[in-house]
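*Asks:* Going line by line, the protein sequences match chains R and P.
The numbering of the first sequence is numbering that gives the first Met the number 0, which starts it at 0 and goes up by one.
The numbering of the second sequence is numbering that gives the first Met the number 0, which starts it at 0 and goes up by one.
Incorrect hints may appear among the rest.
[Claimed, not checked] Each pair of labels, with its calculated beta carbon distance range:
1. R/202 / P/119: 40 to 50 Å
2. R/165 / P/151: 54 to 64 Å
3. P/261 / R/27: 48 to 58 Å
[To be verified] Listing some non-contacts, in silico: residues in chain R with all C-beta distances to chain P over 12 Å:
4. 78
5. 86
6. 196
[To be verified] A few chain R positions that, by computed beta-carbon distances, are all more than 10 Å from chain P:
7. 134
8. 169
9. 285
10. 294
The set of hints was computed from the structure by calculation and includes no laboratory data.
All residues carry an ideal CB built from backbone N, CA and C; glycine is no exception.
Below are the chains, spelled out letter by letter.
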Amino acid sequence: MSAPIRRRKTSSLIVLGIVALALLTMPFWAGSYNLRLATNVLLWVGLALSWNVVCGYAGYISFGHIAFFGIGAYVTAILMQPGVGWNFFATLPVGAVVAAVIALAVGFPTLRLRGAYFAIATWAMAEGVRELATVASITGGSGGLVLPVKSDDTFFYWCMLAATAGAYLVCFLLLERSRFGYKVKAVRDNEPAARAQGINANLVKNQAFILSAVIPAVLGGINAYWITFINPDSSLNTILTDQLVVMVLVGGLGHIWGPVIGGTVLYLAQQQFVVLFGDSTAYIVLVGALVVLVVLFLPDGLVSLLPGSRRLNLIRRFIRPRATTTTGSS
Amino acid sequence: MELFASIVGGLLIGGLYVAISLGFSVAFGVLDVVDLAVGMWVVMGAYAAVVVQDWLDVDPLLLLPLYFLFFALVGAVLAPLIYRVRNNRYAMPALMGLALTFGFATIFRGSLLTGFGYTPRTVRTGLANTSWNIFGLVLPAERVAGFLTAAVLTLAFAWFLYFTRSGLAVRAVAQSKENAGLMGVDVKRTSTLIYALYTGLTAMCGAVMGAIYAMTPELGPRYTLFAFFVVVLAGLGSIWGVLVTGLLLGVLQSLVSTFWSADYTLLVVFLSLFVVLLLLPNGIGNRRSVA
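Based on the sequences and whatever the hints tell you, model everything.
*Replies:* Given below as structure tokens:
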């Protein structure tokens with residue numbers, strides 16, 4: 000039993016090493032188009048990761064995650080306006096704190112209730128933030144804000160890589176290698192039982208939600224400085240949330256590698272779609288259809304097609320019922 | 000006087016919110032999945048009326064039963080899928096059910112955007128630009144017609160729920176699936192029935208709503224939020240609660256847009272929802288636990 004596991008561990012370490020090497024040397028061999036593409040992939044992987052924390056691990060769907068992305072973007076933009084003039088790196092923690100406070104305010108009353116309440120509350124929050132950004136004067140209204148220009152794609156690649164990789168490391172350690180991760184999963188799988196074990200379920204759920212709100216805020220700040228111009232349509236658009244949902248679902252809900260696979264595959268597919276058909280609203284139909292198809296036919300995402308996963312075992316059990324019942328330990 | 004007119008106007012709109020939220024609430028109780036596409040059913044009803052007025056030379060509001068039939072049919076096709084996802088063996092079926100209806104909503108929104116674009120459309124009826132003077136109050140005719148339609152639909156739906164055998168089955172399934180199943184109720188068929196009724200009802204209300212407000216495909220989430228606001232405030236499964244809070248929502252919206260700005264409606268609705276969830280997590284009309 001231990002040999003295949005060790006082999007799997009070694010092979011995944013090799014894959015991880017190759018990916019890390021490619022990412023670290025990317026600015027030296029990739030062209031500027033590819034570098035921008037890679038930066039965007041990193042952004043989406045990070046966003047998908049953050050959504051996976053609240054949805055896949057905590058078991059609560061957030062339809063307003065893009066609000067945190069927008070909040071981070073706007074905090075950075077406001078603090079970097081000529082009159083204020085903060086350092087870029089100093090604005091990121093501020094955005095993270097603002098997002099965390101708002102996440103607590105939304106999560107505290109709704110995470111006690113069934114998932115639907117939370118889903119709608121976050122959705123309403125995103126719409127509310129968008130309305131506020133469109134009418135308020137500090138956010139520049141529907142015209143948006145312009146940031147100081149820094150045209151250095153390599154710099155932003157490193158920022159995005161650091162943020163996403165950092166977020167991944169933190170989430171991996173917290174959710175897969177610590178007591179906190181066990182608590183979150185226990186609450187997700189059976190809340191009454193988890194409570195009976197002495198876990199403070201509300202606290203754990205709020206912590207997970209705050210963790211998942213801080214990541215998009217930081218990424219939003221970096222992205223705002225990169226694209227140098229933000230408005231409610233670009234930073235708070237609901238289609239961005241739709242995309243997050245589909246990325247995590249396609250990748251694999253509640254699996255640490257799901258967001259990487261889903262985010263990369265779908266972002267590149269979307270770029271290909273834009274190249275082929277232009278910036279069309281038909282893309283929204285495609286995203287919706289993908290959500291429906293994945294939910295109906297592949298509920299565990301693309302990750303479940305990897306060797307040795309739960310889904311594959313399930314399929315095997317269908318094909319050879321007798322052979323797996325003796326070893327079926329999962 | 001302005002205040003009074005604003006309140007009456009809000010009550011008239013509130014009638015439509017009641018009709019929409021009632022079906023939504025019952026479908027939620029039976030299927031155990033919050034239908035995030037509820038706002039899109041409203042919008043699609045309005046666009047069905049727009050299509051009718053573009054292609055046929057009839058008043059779009061005269062064909063309400065047609066919209067009901069069409070969207071009930073669509074609902075009847077989708078309901079078994081929702082039922083299947085809600086009752087499958089995979090992890091987190093409730094969450095997957097939410098994601099599924101979200102996928103439906105996204106498909107509808109994308110299709111409407113592709114077909115009709117972002118331009119707001121209005122359902123033009125013979126009632127537009129007419130208003131009736133009742134006791135010194137000038138009421139736009141389409142709002143009154145909308146309220147009357149909603150009242151008839153609400154009464155018909157309540158009659159179905161409380162005075163037919165199918166309605167009894169629906170209420171039984173909403174209370175307990177296992178026990179209803181043991182009593183010989185076909186849970187799957189009841190779910191399909193109620194979902195079809197609800198989608199047809201909601202689309203009809205949407206067609207009327209389209210005559211009162213301009214519609215764009217982007218408005219779906221707004222109506223979803225409204226329906227949810229009513230149901231949460233009412234407490235799940237409370238029909239009287241839905242009646243009161245639906246009218247309340249109409250008045251709230253009307254007051255905000257009269258005395259402040261229509262831009263802040265969603266913000267105010269959200270803040271009220273937030274406060275209610277904070278103080279009364281079980282809703283106003285209901286003391287049962289929903290957590």
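*Asks:* Please flag the earlier hints that this structure goes against, numbers listed from lowest up.
*Replies:* When the structure is compared with the hints, numbers 7, 9, 10 turn out to be violated.
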